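*Asks:* Below, each chain spelled out in residue letters.
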Amino acid sequence: MAKMTLEQLRKLREEKKRDIERRETEGKEIRIIVGMGTCGIAAGARVAFDAILAAVERHGIGASVVLAQTGCMGLCHVEPTVEVLVPGMPDTIYGKVDAAIATKIVDRHVVARALVNEHIYDRPAADIIRN
Amino acid sequence: MHRDFGDYVLDVVQNAVEAGSRNIGLRVAESEGRVEVLVEDDGRGMDRDELSRALDPFHTDGTKHANRKVGLGLPFMVQGVEAAGGTWSVESEKGKGTRVRFAFPLGHPDAPPVGELPGLILSLMAFGGAYELEVTRTRDVPGKSRLEWSARRSELAEAAGGLRDAESLALARAFLESQEAD
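Respectively, the protein sequence lines represent chains F and D. Per the working numbering, the very first residue in the first sequence carries number 3; after that it's consecutive. Per the working numbering, the very first residue in the second sequence carries number 498; after that it's consecutive.
Please keep in mind that the hints were generated in silico from the structure rather than gathered at the bench. There could be a bad hint or two in this list.
SDA-like mimics (lysine to any residue), calculated; alpha carbons at most 20 Å apart, straight line [as the list claims (entries may be wrong)]: (1) F:K13 with D:E652; (2) F:K18 with D:H605; (3) F:K5 with F:E31; (4) F:K106 with F:T94.
Predicted model, so just to flag it, every value in this text is computed and none were measured.
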């Protein structure tokens, strides 16, 4: 693999720009947030992050999905944790998210708009919710 | 226990981001069967007592981090590095910043694998906030010239389109993978 330059990266971005602009105007932003506290990292949060990124790209919806990282969500016993915010669906926190479950969350929750019931672990713990 | 050495790096760099650093430097060097990491930041830094507490896995006062109650990144790094026969140091000055170094032999039975660097570096660059992160990477490649590259978060974000949506993250990842390829 030849080393890519920043200029080549810009050109690649430009090639996708028209499609990206079209999707951004749809106003349907989906947010996927991966818990990257020490507990999440130790449990494999980076693997989950990578799997989500790959699945989102496979579906060609990358421009509509914001993929972010946060600290501990207060659910250390079920790390890695992933919060999914899809317009029109309940905000959901999934736990025990390995690569396979991460892929399933994108396939089912984000794309097919159906919850992955067996990995739902509710909302964040009360002690980290801002009043 | 962490999966690979990148998990230790992620913890340390996340500390730097949460310490309000504007500039963070990361150097990862692999040479002669040994990996060396240096993380430098200009964040709020720690005095001697704070540093002592940060290294103590059994201490928490709920204020180590802004959005979480505990912090185990440095204690895990120390534990992992010492188990692998490595060395570490943490220097910090209140109001000036912190410098974390660690190194260990990759051939040690308890050494964590280096893991996948492009994914790690993408994660390091994808935290929220306006920090600059400059990554310098060197690696000996058997039979070839030494691999050496660097990347700055601001430049990568500008070229890839923000490091916010998955599309730009995937582009940035492809860029980083191309840098790391032999």
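*Asks:* State for each hint whether it applies.
*Replies:* Hints, verified against the model:
Proposed proximity of F:K13 and D:E652 is supported: the alpha carbons are some 14 Å apart, at most 20 Å. For the hint pairing F:K18 with D:H605, the CA-to-CA distance comes to about 45 Å; that exceeds 20 Å, so the pair is violated. As the CA atoms of F:K5 and F:E31 are separated by approximately 32 Å, the hinted pair breaks the 20 Å bound. Simply put, F:K106 and F:T94 have alpha-carbon atoms about 14 Å apart, close enough for the 20 Å limit, and the pair holds.
Violation of the numbered hints given earlier is confined to hints 2, 3; the remaining hints are satisfied by the structure.
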